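Asker: One-letter residues, chain by chain:
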Amino acid sequence: KQEVTQIPAALSVPEGENLVLNCSFTDSAIYNLQWFRQDPGKGLTSLLLIQSSQREQTSGRLNASLDKSSGRSTLYIAASQPGDSATYLCAVMGSGSYQLTFGKGTKLSVIP
Amino acid sequence: GAVVSQHPSWVICKSGTSVKIECRSLDFQATTMFWYRQFPKQSLMLMATSNEGSKATYEQGVEKDKFLINHASLTLSTLTVTSAHPEDSSFYICSAGDRGAGYTFGSGTRLTVV
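Just so you know, the sequences run in chain order Z and C. Per the working numbering: the first sequence ends with 116, consecutive numbering throughout. Per the working numbering: the second sequence ends with 119, consecutive numbering throughout.
Only chain Z is shown next, with the shape it has when bound in the complex (with noise of 0.2 Å):
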């Protein structure tokens, strides 16, 4: 059964620092990997998708990566901004499955 980890739970950067949110599963046969944001109270907005054979994918400010081998995959944002400050959720689609798994989502906040 994959299992999808996000570390760190929480984080919290001053306002135009670059940072690292991690993303790892245990199941590497993946069909995709899905980055969402989550605001309180809100639903899912799909931030990006890279597919089983990409390495990354970039959108903006953000930056995805993808190691399946190893079973990881992280989004990067550079220069944070307050707005940033959401929960970002990871989660992965088995490569014989039309589900996606999500982890338990990482919690940023961005400070003025």
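No lab work stands behind these hints: they were computed from the structure. No experiment lies behind these values; they were computed from the predicted model shown. Just so it is clear, CB atoms sit at the ideal spot from N, CA and C, and this is done for glycine as well. Wrong hints could be hidden among the right ones.
Claimed, not checked - The calculated DSS-like cross-link candidates involving lysine-lysine, where the alpha carbons are at most 25 Å apart (straight line), are:
1. Lys46(Z) - Lys46(C)
2. Lys25(C) - Lys46(Z)
3. Lys19(C) - Lys69(C)
4. Lys111(Z) - Lys46(C)
5. Lys108(Z) - Lys72(Z)
6. Lys5(Z) - Lys46(C)
7. Lys71(C) - Lys25(C)
8. Lys60(C) - Lys25(C)
9. Lys5(Z) - Lys69(C)
10. Lys46(Z) - Lys19(C)
11. Lys46(Z) - Lys111(Z)
12. Lys108(Z) - Lys46(C)
Said to hold, decoys possible - One side of the interface only, derived from the structure: several residues of chain Z facing chain C at Cβ under 7 Å:
13. Gly47
14. Leu53
15. Gln103
16. Lys108
Here the structure of chain Z is known, so what remains is to put chain C in place on it, guided by the hints.
Answerer: Same frame as chain Z, now just chain C:
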């Protein structure tokens, strides 16, 4: 991009009553939709997979008679919480999309049973 609309955003109901939550795909057809439940400070837990024109597939431990799912069209799935009790209070989220292009999530429904 794909848009999923979920309604209502929040609902308060009395214990013993039923509540229906709607999930719509606005600009695409969804043969499959997913329903999740999220507890405070926890991740999303998949409850069931909704299949258009057929019965939903429930995850282990989810009572299918309590959480009724109907997926009668390619753009609408509904989750009905029957005979709701305070322990059913939670945040419910639906999703739909394409396996290769990624899934889109609704805005969620906060259910409070009093």
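Asker: All hints, please: hold or fail.
Answerer: Cross-check of the supplied hints:
1. Of the pairs offered as hints, the one joining Lys46(Z) and Lys46(C) holds, with about 13 Å between alpha carbons and a cut-off of 25 Å not exceeded.
2. Restraint check for Lys25(C) and Lys46(Z): the C-alpha separation of about 19 Å stays at or below 25 Å, so the hint holds.
3. Under the criterion of a C-alpha separation no larger than 25 Å, the hint pairing Lys19(C) with Lys69(C) is consistent with the structure, at around 21 Å.
4. The suggested pairing of Lys111(Z) with Lys46(C) holds, with an alpha-carbon distance near 9 Å, which does not exceed 25 Å.
5. A threshold of 25 Å between alpha carbons decides the hint, and for Lys108(Z) with Lys72(Z) the separation of about 20 Å falls inside it, so the pair holds.
6. For the hint linking Lys5(Z) to Lys46(C), the alpha-carbon distance of about 22 Å falls within 25 Å, and the restraint holds.
7. Pair hint Lys71(C) plus Lys25(C) holds up; C-alpha atoms about 12 Å apart against a cutoff of 25 Å.
8. Distance hint between Lys60(C) and Lys25(C) is fulfilled; the C-alpha atoms sit about 17 Å from each other, no more than 25 Å.
9. A C-alpha spacing of about 23 Å is found between Lys5(Z) and Lys69(C), which places the hinted pair at or below 25 Å, so the restraint holds.
10. The suggested pairing of Lys46(Z) with Lys19(C) holds, with an alpha-carbon distance near 23 Å, which does not exceed 25 Å.
11. Annotation: proposed proximity of Lys46(Z) to Lys111(Z) holds, straight-line Cα distance about 14 Å (limit 25 Å).
12. Only pairs whose Cα atoms come within 25 Å are accepted, and Lys108(Z) paired with Lys46(C) is accepted, the gap being roughly 8 Å.
13. Given hint, Gly47(Z) at the interface with chain C, holds; its Cβ is 4 Å from that chain's nearest Cβ, closer than 7 Å.
14. Because the closest C-beta pair between Leu53(Z) and chain C is about 4 Å apart, less than 7 Å, the hint holds.
15. At about 6 Å, the closest approach between the beta carbon of Gln103(Z) and any beta carbon in chain C falls short of 7 Å, and the interface hint on this residue holds.
16. Annotation: interface hint on Lys108(Z) holds; nearest CB of chain C at approximately 4 Å, less than 7 Å.
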